[in-house]
Amino acid sequence: MPEPDLRRPNPRLAQLPAVQHLVVRYAKRGKMRFASHRDVARAFERGVRRAGLPIAYSAGFSPHPKISYAGGAPTGVASEAEYLSIALTVRQAETQVCQRLDAALPDGIDVIDVTEETSGAPKGGLEASEWRVVLPGVRPAAAEQAVASFLTLGEAPVERLTDKGVRCLDARAAVVEMNVIDADEIAADPDGGQRAAMTGHEDCTIIRMVVLHTAPAVRPEDILTALRDGNGIAASSPPLTTRLAQGSRALLTGETGS
Amino acid sequence: MPVESVFPRLEPLLPRVRKPIQYVGGEVGSVVKDWDAADVRWALCYPDAYEVGLPNQGIQILYEVLNERDGVLAERTYTVWPDLEGLMRETGLPQFTVDAHRPVSAFDVLGVSFATEMAYTNLLTVLDLAGIPLFSSERSVAHPLVIAGGHAAFNPEPIADFLDVVVLGDGEQAVLAITDLIRGWKRAGQPGGRDGLLLKLATVAYVPRFYDVSYHSDGRISKIVPNRSGVPATVSKYTVMDLDAWPYPRAPIVPVAETVHERYSVEIFRGCTRGCRFCQAGMITRPVRERSITTIGSMVAAGVAASGFDEVGLLSLSSADHSEINEIAVDLADCYEGTNVGLSLPSTRVDAFNVTLADELSRNGRRSGLTFAPEGGSERLRKVINKMVTEEDLIRTVTTAYASGWRQVKLYFMCGLPTETDADVLAIAQLARRVIAAGRAAAGRRDIRCTVSIGGFVPKPHTPFQWAAQCEPEVVDARLRALGGALRADRAYGKAIGYRYHDGRPGQIEGLLSRGDRRVGGVILAAWRDGARFDGWSEHFSYERWQRSAESALVGEPVDLAWYTTRERDYSEVLPWDHLDAGLDRDWLWQDWQDSIAPEGAAEVEDCRWTPCYECGVCPAMGTEIQVGPTGVRLDGRRLLPVVVGR
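Taken in sequence, the protein lines are chains A and D. FYI, the numbering for the first sequence is 44 to 301, going by this note's numbering. FYI, the numbering for the second sequence is -1 to 645, going by this note's numbering.
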């Protein structure tokens, strides 16, 4: 008698095929900036079920909802431009999905936009991110100087402790643009204003930068490490970092042509 | 006056701690009510890490029961990990709730649910960080009432000095009774101050400071008596009758952080009368009260929709014992067929598991872990503990499981049970080999596994074994080592059998805290001052610290760690919890203890659900009765909403 194969696919478990791929842009705001990639993934898996979306599942004995995530902002970092794609088994209107999914997620994990992309990936690719970093306790004049000197560097090696040990990265190579935002803009900025109010106005700096997605990834914190090591500017309390946009390099820097 | 959120002070600390998401709240299902619109405010505390505390059913139920009421507000607080504790002490940030980040000290009540005695030191961390004096006697009318509940509060004496009030039994009605008394006292202008309120509460719950304990010169308790009039000599537990009238949690809190149980759990019945002599839960939660199949169906439908969980846990002390468990499993599996929602039975008796359950639990393809608890390795020992599971039952059950596609079965045992010998423990190895042999034959393949998991037995209050001598940790450890050797000895099976064990020393401290009296409070305080935190976590637990603390705190007393743990008690000894009434007849418990250790072999107690009442005393003492089906009603499993269908 042949040995029964307990791993054979159970006909009852056949999953419906995906007929629509949607790219979801979402934000990680407020308290939810402390969610890790895995926390966000868990929230979305539950969110699609709460929203009653006909999500496609992977086949096999441990089926998972078909959601794929583009590299998420690190734990503690806020974002206005995170991306993931979901596969559905029944076609849905994009605006419907946007509303239902947003309503089903915790406040602070907010769906901004849903678009259909047959490729399942954001249009134009995600080559770079625009970041805004609020640095409490740093005087804008000192920051101006640090940024100017950083931009003249040929390279800026920094070390970061990862799960796999100490990694050495070139923070300079990934930075396409970097500038200090005017003090007047700080008050107008919702996050920056709040933080400035706590630390005193002239003691708060906002840096904006466009950073390429390299491998291994250079994070804003690595660039801050380089600024601190090279120019001695250090925040008095943890910086508040927000990803403002993600997209092609040309899109983020306003460059035209190839 | 609104109470301000401490979040702006917490936020800068969060990038410096592990898993900051656990401290921010904002979960789906969480509630933030207007502070000023409430006149009674509860901070509900599970005194362990968020990842353990969040899924706790008790807290989730009370959170909903309280927040549903107008004028009542409930928020949650958990023990923070030592990394955040250090930063909070550095910056003066007080213990906060995760819902609105209000300081715990601003609430009327700090309600603490104890599932295990090993969380007692975490209570002190919470109190201290909240700025609440550790001792009840040092609190003023400005401080929250500190109220404990949960299974590990059935003998609250070791922490009695730190508590104002203790609730025995089911919390649903108790928290509402307490809320009403607090509201009345506040509206009347707080007559009598804090003591005035406690005197009122002493009529509905246990107020430890209104009882004096005196001791014999040899250390035994002489008596425990009320020290003022109007305070009852004994305090009874609460029992919720008709679980269908209390269908909570309706909309569970869905964590963003990872937690230990990621599922929607519905309690399918409360109580257990199987009569396992070691089992405190089975003794203190009597009688059995089933939730009907229809209520279970509607709770599951609403709970899954509200939470988005993909697993439904059918919770109870022995879930396969529900009178309609097969119907529930079949109908729910029908209901969720094709939706990738799975069912699990976290607690299943060997002799109640069957082919229908095996099929339904695996219908969606997943086979979440199957765990059975024979508890004792030999049939003789299983008779002693009244867990009458025969070896044939066990083999039949695991055969069913392996044949239904499970590859791995976990078996739980205890070591150090009364009358146990080395041979009883070594019999586990023999049993495990038979399981593998039978499993290989049933599955027709060799790559099946069985994991033996074993820990030291801790005698618990309100059980027949409350008088027993706890086995010395050295003996437990020696038996665990011998079992490990025996399991590895046979090459034909060795790799198919996994072995996990908990050594005997934490069990001895659990024993001290479980059967201790008020003098143990000093030990807990000393251990906490010496750094004891998260004692239920092996990486935080230090036996040496507890030994040191017991020696220093009990110096000059005629008692010590061994006196509390490895000493057998006799019938006449006043036990620290004798004034706390779970309804169990003390003489019935004593007779059951004697029956278990009878030289001619233990006598069996059957389950009163299926045999005549054996007079444990609970129903007449508490005015309760068994509530079991079958109801004969079926759910319409083809529809997502469980429309009721008569049979």
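Read the hints as simulated data drawn from the structure, not as lab findings. Honestly, I wouldn't trust all of these hints.
Said to hold, decoys possible - Derived DEER-like restraints, expressed as beta-carbon distance ranges:
| hint | chain 1 | residue 1 | chain 2 | residue 2 | range |
| --- | --- | --- | --- | --- | --- |
| 1 | D | Asp37 | A | Arg292 | 54 to 62 Å |
| 2 | D | Glu537 | A | Gly95 | 48 to 56 Å |
| 3 | A | Arg81 | D | Asp81 | 17 to 25 Å |
| 4 | D | Glu537 | A | Glu159 | 47 to 55 Å |
| 5 | A | Gln58 | D | Gly630 | 32 to 40 Å |
| 6 | A | Leu255 | D | Asp81 | 45 to 53 Å |
| 7 | D | Asp445 | A | Thr205 | 33 to 41 Å |
| 8 | A | Arg210 | D | Asp37 | 50 to 58 Å |
| 9 | D | Glu390 | A | Arg210 | 22 to 30 Å |
Said to hold, decoys possible - Covered stretches of chain A (in silico footprint by chain D; criterion: 3 or more residues with CB under 8 Å from a CB of chain D, positions within the stretch not fixed):
| hint | region |
| --- | --- |
| 10 | 75 to 82 |
| 11 | 148 to 159 |
Remember, it's a predicted structure, so these values are computed and weren't measured experimentally. No residue lacks a Cβ here, since even glycine has one placed at the ideal position from N, Cα and C.
Exercise for the section: Starting from the hint list further up, note which numbers the structure goes against and sort them upward. Expected result: Numbers 2, 6 and 9, in rising order.
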